[in-house]
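Asker: Using the sequences and the hints, build the whole thing.
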Amino acid sequence: MNKISTAPVYDSARRVSPALEELKALFQYNNLVLQMVRRDILTRYKRSILGVAWTMLNPLGTTLVLAFVFSSVFGSTVNYAAYVLSGLIAWTFFSQATNACIVNLVWGGSLLRRIYVPRTVFAVSSMGTGLVNFTLSLVPLILVILVSGIPLTLNALLLPIPMLFLAMFALGVGLIVSNLAIFFADIAEMYAIVLTAWMYLSPVIYTIETLPPQYQQLLKLNPMYHLINLFRAVIYEGRTPTLNEFLISGGIALSTLLVGWLVFTKKSDEFAYRV
Amino acid sequence: MSLHIVSESLPDSMPVNKAKAQPFIDSEVICLQDVGVRYRIPSERIHSFKEYAIRRLQRKLQMRDFWALQDINLSIQQGEAFGLIGNNGAGKSTLLKLVARVFRPTSGRVLVIGQVAPLLEFGAGFHPELTGRENIYLNGALLGFTRNEMEEKFQRIVDFAELWDFIDSPMRTYSSGMWARLGFASATDVQPDILLVDEVLSVGDEAFQRKSLARMESFRENGATIVLVSHSMDLIETMCRRAAWLDHGQIKAIGSAGEVIQAYREGQTNPG
Chain A
1 MNKISTAPVY
11 DSARRVSPAL
21 EELKALFQYN
31 NLVLQMVRRD
41 ILTRYKRSIL
51 GVAWTMLNPL
61 GTTLVLAFVF
71 SSVFGSTVNY
81 AAYVLSGLIA
91 WTFFSQATNA
101 CIVNLVWGGS
111 LLRRIYVPRT
121 VFAVSSMGTG
131 LVNFTLSLVP
141 LILVILVSGI
151 PLTLNALLLP
161 IPMLFLAMFA
171 LGVGLIVSNL
181 AIFFADIAEM
191 YAIVLTAWMY
201 LSPVIYTIET
211 LPPQYQQLLK
221 LNPMYHLINL
231 FRAVIYEGRT
241 PTLNEFLISG
251 GIALSTLLVG
261 WLVFTKKSDE
271 FAYRV
Chain B
1 MSLHIVSESL
11 PDSMPVNKAK
21 AQPFIDSEVI
31 CLQDVGVRYR
41 IPSERIHSFK
51 EYAIRRLQRK
61 LQMRDFWALQ
71 DINLSIQQGE
81 AFGLIGNNGA
91 GKSTLLKLVA
101 RVFRPTSGRV
111 LVIGQVAPLL
121 EFGAGFHPEL
131 TGRENIYLNG
141 ALLGFTRNEM
151 EEKFQRIVDF
161 AELWDFIDSP
171 MRTYSSGMWA
181 RLGFASATDV
191 QPDILLVDEV
201 LSVGDEAFQR
211 KSLARMESFR
221 ENGATIVLVS
231 HSMDLIETMC
241 RRAAWLDHGQ
251 IKAIGSAGEV
261 IQAYREGQTN
271 PG
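Protein chains in written order, with our numbering: chain A, 1 to 275; chain B, 1 to 272.
If you are wondering where the hints come from, they were derived from the structure by calculation, not from laboratory data. Treat the hints with care, as some may be off.
Think about it this way: if two alpha-carbon atoms lie no more than 35 Å apart in a straight line, the pair counts; the simulated DSBU-like pairs of lysine-lysine are [as the list claims (entries may be wrong)]: (1) B/LYS50 to A/LYS220; (2) B/LYS50 to A/LYS266; (3) B/LYS50 to A/LYS267; (4) B/LYS252 to B/LYS211; (5) A/LYS24 to B/LYS252.
Answerer: Below, the structure is given as structure tokens:
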């Protein structure tokens with residue numbers, strides 16, 4: 001009866017790295033992540049008649065409005081509707097998923113005081129829900145692209161790569177903001193303002209060429225510029241991104257995720273005291 | 001003063017149950033060494049980043065330290081039922097949360113060997129808008145079980161909680177007793193190595209209380225370790241062999257349940 005030797009051992013003194021331990025715990029609790037994504041999707045679509053259709057209709061409607069309003073301003077952009085929609089759904093994924101991180105972690109706060117769960121499940125499941133919605137919103141995008149007469153190339157099969165990079169970046173940002181939101185209640189409000197500004201500083205509804213040259217360089221400091229561009233390259237432009245584009249976007253995504261993860265796991269032991 | 005009935009690791013900490021004289025009986029499964037837990041409370045509660053930034057600049061940010069637990073040394077053997085008594089705010093629940101990994105100690109060391117089932121607050125993970133069925137799955141996931149394990153457990157959980165009639169109703173329609181039954185049933189479906197019970201058996205009707213006590217008793221006989229927090233001295237005395245009295249975050253007395261309870265009662269009647 002060698003029960004003890006197989007039993008899990010928790011020793012608060014032996015702590016190699018909180019970041020690695022959290023990663024391990026997250027894998028053990030993968031079912032929790034799935035359940036939370038499932039719950040989010042179910043509760044979102046249970047109440048509305050059109051259900052899943054809204055995820056697709058919403059960006060489509062916004063695109064129609066934007067295309068109508070801005071086509072005279074950015075009229076020179078080829079297939080403006082497809083351009084806007086592709087930027088918009090990438091942006092919507094980012095803003096919704098990072099916001100969900102805050103909401104979920106604050107909701108989960110009452111749990112964290114009572115039982116142990118890996119603290120990152122809230123942010124990771126937010127990404128899961130976001131990616132499901134992101135994937136659904138590809139349907140209207142592909143529709144608009146076909147209607148606009150843009151050729152859909154095999155490069156569209158590369159879509160999971162920019163989506164993964166966006167999710168990694170969003171997770172990194174989400175971990176940092178939700179971490180701050182635990183300590184300060186007004187971070188959620190501030191972040192909403194930041195998001196609005198950030199969107200207008202990203203080439204979502206305009207193209208970089210419409211900016212004066214000196215601002216074009218500045219825009220390239222915005223990580224979302226590179227991530228959105230990579231996404232557009234494969235679906236809107238239908239070209240294979242250059243190695244350089246892959247490396248820049250991948251580098252941004254990975255380093256943001258790494259920083260977010262380290263910051264979050266360093267602070268997460270205090271959550272139970274704070275929430 | 002001088003109520004230190006410390007009898008750590010005396011032979012009397014061996015379970016009486018002769019039938020269960022198993023080889024693993026002497027192994028230590030929970031060990032707390034010089035453990036302290038400090039809450040940092042800002043002397044005024046600061047809710048917003050704006051306030052924090054302003055105060056930080058003015059250097060008016062004052063923190064008050066509050067030690068919820070201090071210098072705790074405790075060792076619990078496998079198969080033992082251990083009681084924790086003390087007044088409200090003495091640190092009993094904080095101690096359980098240390099073992100459950102909810103809190104990490106500010107100082108000292110916590111060592112726990114085995115799977116822990118926390119019964120801290122019944123149904124902490126339940127969502128009122130979801131049905132009993134959905135909640136069982138969600139709660140199972142919160143306790144770290146896989147979907148397949150939950151499929152297997154589901155039937156037994158509902159059987160034990162006796163809630164088949166309501167399993168597809170939202171939990172907000174449940175009475176507190178039903179809520180507690182489902183909580184106990186889902187947390188104790190499979191015998192854990194260590195069961196943490198925090199003042200929860202007071203809810204539910206008498207029949208269910210008996211049923212849950214019997215289940216805990218059978219866990220203990222099968223070698224599970226139980227840490228029990230209760231204000232009911234009768235419960236501590238019947239369930240536990242050893243107990244500790246916590247007062248203001250410190251262990252006032254530790255030893256056999258009877259002695260500790262007596263010391264606690266004397267301390268209540270003539271404090272100081």
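Asker: If a hint holds in the structure, say so; if it does not, say that too.
Answerer: Now for the hints, and whether the structure bears them out:
1. B/LYS50 to A/LYS220: 30 Å, holds
2. B/LYS50 to A/LYS266: Roughly 23 Å between the alpha carbons, so the hint for B/LYS50 and A/LYS266 holds.
3. B/LYS50 to A/LYS267: Judged against 35 Å, a Cα distance of about 20 Å means the pair holds.
4. B/LYS252 to B/LYS211: Holds, at about 33 Å.
5. A/LYS24 to B/LYS252: Between A/LYS24 and B/LYS252 the Cα gap is close to 38 Å, so the pair fails against 35 Å, i.e. violated.
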